[in-house]
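Trainee: Chains as they are written, first to last, in the working numbering: chain A, 248 to 417; chain B, 38 to 140.
Hints in this document: simulated from the structure, not taken from any laboratory. Watch out, some of these pointers could steer you wrong.
To be verified - Calculated cross-link-like contacts (lysine-lysine; reagent style BS3-like; alpha-carbon spacing at most 30 angstroms):
| hint | chain 1 | residue 1 | chain 2 | residue 2 |
| --- | --- | --- | --- | --- |
| 1 | A | LYS384 | B | LYS128 |
| 2 | A | LYS414 | B | LYS128 |
| 3 | A | LYS337 | B | LYS128 |
| 4 | B | LYS137 | A | LYS380 |
| 5 | B | LYS128 | B | LYS139 |
| 6 | B | LYS137 | A | LYS342 |
| 7 | B | LYS137 | A | LYS384 |
Source: prediction; values computed, not measured.
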Amino acid sequence: MLGYTITQWLFGILSFLAIMFALMVVFSRNPVNSVLYLVLTFFCIAGHYLLLNAQFLAVVHIAVYAGAIMVLFLFVIMLMNLNQDSEPQKTAISKAIAGIVGGLLLVVLVGALRGTELLGIQQYGHSEIGLVKNLGKVLFSEFLFPFEIVSILLLSALVGAIMIGKKEIK
Amino acid sequence: MINGISINMYLLLSTVLFIIGAVGVMARRNTIILFMCIELMLNAVNLLLVAFSALHNDSSGQVFVFFIMAVAAAEVAVGLAILSMIYRNSKSIDSDLLSKLKH
């Protein structure tokens, strides 16, 4: 197909969709639509993970982001009853400045990264590092201490969220 | 090259996603959408970490992505709790109104 392999076609389509949905997140007026477009962006990124042989990470990404975090966003939006287009808008000039700053940042980053030559990389071994078995071995041997610290972080975030969200603290 | 795709393409894609998130943070006033744009930027970085992990055939990058996901979940939980508290007190989540600490 025009000299491209199927993987390259998939990469192109997923990239295009991810960028389009990401733009829709920023530009749609209704917050609920933004959340739904963000979920679609996350599905595209999960597809990229599958292309990169990170199968377990793709599943975790969908479960954690599309399943948990985005549902939390939707709950909060519906609790606040913000699903009408009542958001005050920034002035046109500050929007234009934001666009210019973003464009300049894009130019700088692309210019800095374009000529990158990655030297000294030799690929070896098999590409099964994304499977549960191999990731679990690394996670529970080499990264055991950060793993325990993350559990404490999640616990403290849980306690903090409840403390902040309570009506009044006696 | 990862499966016939150059790493430069992944660099470009992640840069574009990150810039979209950054422009969203600068251009919107709804605080919930600012949070979503921060998630978008985190995901651009995650994608690049996984791409380099596949390039080097090293699973450390994917473990870092796990940790970033856990930190993002904690951040969203606390952030949305703060946001609902602000909404309860001021009936608005406009980010331009939250400037009391400035004075």
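Trainee: Against each hint, give a clear statement of whether it holds in the structure.
Mentor: Checked hints:
no. : hint                   : verdict
1   : A/LYS384 with B/LYS128 : violated (49 angstroms)
2   : A/LYS414 with B/LYS128 : holds (15 angstroms)
3   : A/LYS337 with B/LYS128 : holds (19 angstroms)
4   : B/LYS137 with A/LYS380 : violated (50 angstroms)
5   : B/LYS128 with B/LYS139 : holds (20 angstroms)
6   : B/LYS137 with A/LYS342 : holds (23 angstroms)
7   : B/LYS137 with A/LYS384 : violated (49 angstroms)
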